[in-house]
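Undergrad: The task is simple: from the sequences and hints, build the whole structure.
Respectively, the protein sequence lines represent chains A and B.
Mapping to the numbering used here: the first sequence position 6 is 6, numbers consecutive.
Mapping to the numbering used here: the second sequence position 175 is 175, numbers consecutive.
Any given hint might turn out to be false.
Stated by the list, open to error - Calculated from the model, a selection of chain A residues having no Cβ within reach of chain B, i.e. all distances over 10 Å:
| # | residue |
| --- | --- |
| 1 | Val241 |
| 2 | Arg363 |
| 3 | Met364 |
| 4 | Arg376 |
To be verified - Covered stretches of chain A, going by a simulated chain B footprint (3 or more residues, C-beta under 8 Å):
| # | region |
| --- | --- |
| 5 | 91-99 |
| 6 | 147-158 |
Please keep in mind that the hints were generated in silico from the structure rather than gathered at the bench.
Quick caveat, the model's predicted, so the values are computed rather than measured.
Cβ atoms here follow ideal geometry from the backbone N, Cα and C, with glycine treated the same way.
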Amino acid sequence: MSDPVAITGVGVVCALGIGVEAFWEALAAGRGGCGPGRRVDTPGLLVAEVAGLEAGRFAFSAQARRIDRTSLLALAAAQLALADAGLTREQLVPASTAVGLGSAFGNLEETAMFLDRVFARGTGNPMLFPNLVMNAPLSYACIELGVTGPTAMVTEQEASGEGAIAWGARQIADGAAQVCLAGGSDELTSGLVRLRRETGTIGAGPPRPLDPHADGACLGEGAAVLVLEGLARARARGASVYAALVPHDGTGIPAPVHGWPVDGDALGRVLAPLVADADLVVAAASGSPPLDTVEADALTGAFGGRRVAVTAPRGATGDFGSAGALGVAAAALAIRDGIVPPTLGCRLPARRGLDVVTGTARRMPVRVAVVDGLARGGMCCPVRLEAT
Amino acid sequence: MRQVAVTGLGAITALGGDVAAFAAALADGRCGVGPLTRFAYTGRCALAAEVPEPAPRGSACDALPRATERRLSRPDRFALVAVEQAVGQAGLDVPALRTAALFVGATVGGMAESEEAYRRRQTGEDRRWRMSRLVGTPLSTTAAAIAQAFAVHGPRATFSTACSSSALAVAEAATAVRSGRADVALAVGTDALCRVTYAGFDALQALDPRGCRPFDRDRGGLSLGEGAAALVLEDAAGARARGARILARVLGHASSSDAHHVTAPDPEGRGALAALRGALASAALSPDAVDYVNAHGTGTRQNDEMEVRVMRTVFGARLPHLPVSSTKAQLGHCLGAAGAIEAVATVLALDGAFLPPTATLRVPDPAWSDLDLVPVAGRRQTSEVAVTSSYGFGGHNVTLVLGRGG
Numbered sequence: 001m002s003d004p005v006a007i008t009g010v011g012v013v014c015a016l017g018i019g020v021e022a023f024w025e026a027l028a029a030g031r032g033g034c035g036p037g038r039r040v041d042t043p044g045l046l047v048a049e050v051a052g053l054e055a056g057r058f059a060f061s062a063q064a065r066r067i068d069r070t071s072l073l074a075l076a077a078a079q080l081a082l083a084d085a086g087l088t089r090e091q092l093v094p095a096s097t098a099v100g101l102g103s104a105f106g107n108l109e110e111t112a113m114f115l116d117r118v119f120a121r122g123t124g125n126p127m128l129f130p131n132l133v134m135n136a137p138l139s140y141a142c143i144e145l146g147v148t149g150p151t152a153m154v155t156e157q158e159a160s161g162e163g164a165i166a167w168g169a170r171q172i173a174d175g176a177a178q179v180c181l182a183g184g185s186d187e188l189t190s191g192l193v194r195l196r197r198e199t200g201t202i203g204a205g206p207p208r209p210l211d212p213h214a215d216g217a218c219l220g221e222g223a224a225v226l227v228l229e230g231l232a233r234a235r236a237r238g239a240s241v242y243a244a245l246v247p248h249d250g251t252g253i254p255a256p257v258h259g260w261p262v263d264g265d266a267l268g269r270v271l272a273p274l275v276a277d278a279d280l281v282v283a284a285a286s287g288s289p290p291l292d293t294v295e296a297d298a299l300t301g302a303f304g305g306r307r308v309a310v311t312a313p314r315g316a317t318g319d320f321g322s323a324g325a326l327g328v329a330a331a332a333l334a335i336r337d338g339i340v341p342p343t344l345g346c347r348l349p350a351r352r353g354l355d356v357v358t359g360t361a362r363r364m365p366v367r368v369a370v371v372d373g374l375a376r377g378g379m380c381c382p383v384r385l386e387a388t
Numbered sequence: 001m002r003q004v005a006v007t008g009l010g011a012i013t014a015l016g017g018d019v020a021a022f023a024a025a026l027a028d029g030r031c032g033v034g035p036l037t038r039f040a041y042t043g044r045c046a047l048a049a050e051v052p053e054p055a056p057r058g059s060a061c062d063a064l065p066r067a068t069e070r071r072l073s074r075p076d077r078f079a080l081v082a083v084e085q086a087v088g089q090a091g092l093d094v095p096a097l098r099t100a101a102l103f104v105g106a107t108v109g110g111m112a113e114s115e116e117a118y119r120r121r122q123t124g125e126d127r128r129w130r131m132s133r134l135v136g137t138p139l140s141t142t143a144a145a146i147a148q149a150f151a152v153h154g155p156r157a158t159f160s161t162a163c164s165s166s167a168l169a170v171a172e173a174a175t176a177v178r179s180g181r182a183d184v185a186l187a188v189g190t191d192a193l194c195r196v197t198y199a200g201f202d203a204l205q206a207l208d209p210r211g212c213r214p215f216d217r218d219r220g221g222l223s224l225g226e227g228a229a230a231l232v233l234e235d236a237a238g239a240r241a242r243g244a245r246i247l248a249r250v251l252g253h254a255s256s257s258d259a260h261h262v263t264a265p266d267p268e269g270r271g272a273l274a275a276l277r278g279a280l281a282s283a284a285l286s287p288d289a290v291d292y293v294n295a296h297g298t299g300t301r302q303n304d305e306m307e308v309r310v311m312r313t314v315f316g317a318r319l320p321h322l323p324v325s326s327t328k329a330q331l332g333h334c335l336g337a338a339g340a341i342e343a344v345a346t347v348l349a350l351d352g353a354f355l356p357p358t359a360t361l362r363v364p365d366p367a368w369s370d371l372d373l374v375p376v377a378g379r380r381q382t383s384e385v386a387v388t389s390s391y392g393f394g395g396h397n398v399t400l401v402l403g404r405g406g
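TA: Okay, structure coming up:
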């Protein structure tokens, strides 16, 4: 058995705050990030916006002067994660450092701006184009951190963060890199909110994940990045370890191409071996009924009658493609502190009578936590964390 | 450690709707670059290597509900066609497919269709957004469409590292098979022309209005193309046991990042060098073992210069005797699909004992007059080992090492 993969750093940027402790304090205290939009124009709708994100604090190269928001969110989380791991840019061995980032949609805001000019004037803006490729966050992160090892931009709908983290864990487990920064980011734009409102796919009130009366998700934005390295290496350099991460390749499940799986039993069979000894499941549930229904069914089946604590951070962070990376961060922190944060908005009894933690945080030892990593189109990218 | 066999290929490109047409056009040096017709565009360049419409409808679409099929983008459809060909050639049965891994590389997905929906919404032709017009988004939709149409429910991921996206998908598929995490893995690349990439590359003055001429003295940029390719990778022992023909083997691969610039390659080619050297090292081969190089060869001044520099460093005095060609002269630069398309071209070269040409080469750059750039038309020649490299916008490099099958 090779050296386990250890999480030694966590960086989070979301509506709850900037930095892992701001995120965790708010999440554990049951504070939510959903409110009226300030940056984005969303009359009458709640969104979970990131406030106070300053490029100058995280981006230093000349090239990063034009960095886009999705890239900046990822870069900020990466820089914070590195600092949290007690590492500096200078300590990274460039060719032995990997970066894996996820995003569901990439740079929506500037893509729309670029198209406005193409349609109006017939030509594109050369200054904007470099930011429009899906891998722009990856490119900026490599340039800022001077990293030249294996890299991947992973996109997998709502499991984009989990998918990138799974890829990153594999780089460490396979020995392709000594250190890997892995996570994901997605931005919120006025256009996305309009689109989701006009197509009737967001809720009117606060999000209520796993509450049977939920009527839809609250859109959000943010990023989380982990520092992954071999456990022995981490111990040798005296790093504090949040948890070990067991790589899982993910499993496809039958589902509509554009929608959530409908067969909770099939999904439950995929999850059952992963959660058999879990103390905590961090759910993908966002308050969107098609997701919450199938997830509750699947978890009920997977637990086989066992009571397992469940929490759904999207009630506090809002819903976005890479929000699952924040779920992994929450799972790591739950293991470190023995605290399960409440699911904001969920009222008991929860769907299928699941043991959803609500109201206030629950103090309990967490040895094994699983982020189930569900995505539209039939993907399950579970991330399993174990106490070391 | 397992050996990784390639047992199925699929391709739909400007050179034709299947692998046989692709191979014939490749060997003949036919050029797929022609007038841009997919959308109105009034910039500097008006050329592209388009897949002619109507593109074939894969029978895999029959497995999807009609409403779902209507929401598939062109690159989704291309991918379904390519996968059908590859799976058919490999002769995979339903149980083998069910547990197969699926790795897709792409950069735009349903961007072209979304651009049109955005235009209609902005001009008021559509008063509001309609789901029925938001086809093929987000980017991972293609992988979902393949998974659901072919009931492929193993591990799955979509990679987007610009022009190396599907080379990375091939590399990840090879890793999954080699390590035993999957017995069979599908690697797919797909992309279609859209305004964002076309206007974007044109705005960067990266498109050659006369059509791309990789390695030519007068090269002035790339031509954009579109299409899809699919490869079936499997454990070589398993392939032999079930009597499948092994078209080629994936011997090694490596990836690296430039950490240099968001658009331009590192002129020193350090990242590209690390990928080429790392790939040969992972295959436990010396540079002397290489018989053919399928170059990234975009036709931009910067890329081709950087690439020749890297090859001179790695292959040294042997380089003049090592055939090097860029199939982008015929296919255009298919961006996210390029890596998989060029992997298919390289497998065809190994399996069919020919060298694809640099079809539009007229006068090689004088600095490279000693190189064998396989000008104009293909050549009969047996190769044992070939490398194919992809260098993505933003500095993400992947090199694959392929070996003859049998």
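Undergrad: Run every hint past the structure and note whether it holds.
TA: Results for each hint:
Distance check for valine 241 of chain A against chain B: the nearest CB is about 25 Å away, which clears 10 Å, and the non-interface claim stands. The non-interface label for arginine 363 of chain A is consistent with chain B: the shortest C-beta to C-beta separation is roughly 36 Å, beyond 10 Å. Under the 10 Å C-beta cut-off, the non-interface status given to methionine 364 of chain A relative to chain B holds; the minimum distance is some 32 Å. Distance check on arginine 376 of chain A: its Cβ comes as close as 7 Å (rounded) to a Cβ of chain B, failing to clear the 10 Å threshold; non-interface status is violated.
Counting residues of the region 91-99 of chain A whose CB falls under 8 Å from any CB of chain B gives 3; the rule of at least 3 is met. Beta-carbon proximity to chain B at under 8 Å applies to 11 residues in the region 147-158 of chain A; the threshold of 3 is reached and the given coverage holds.
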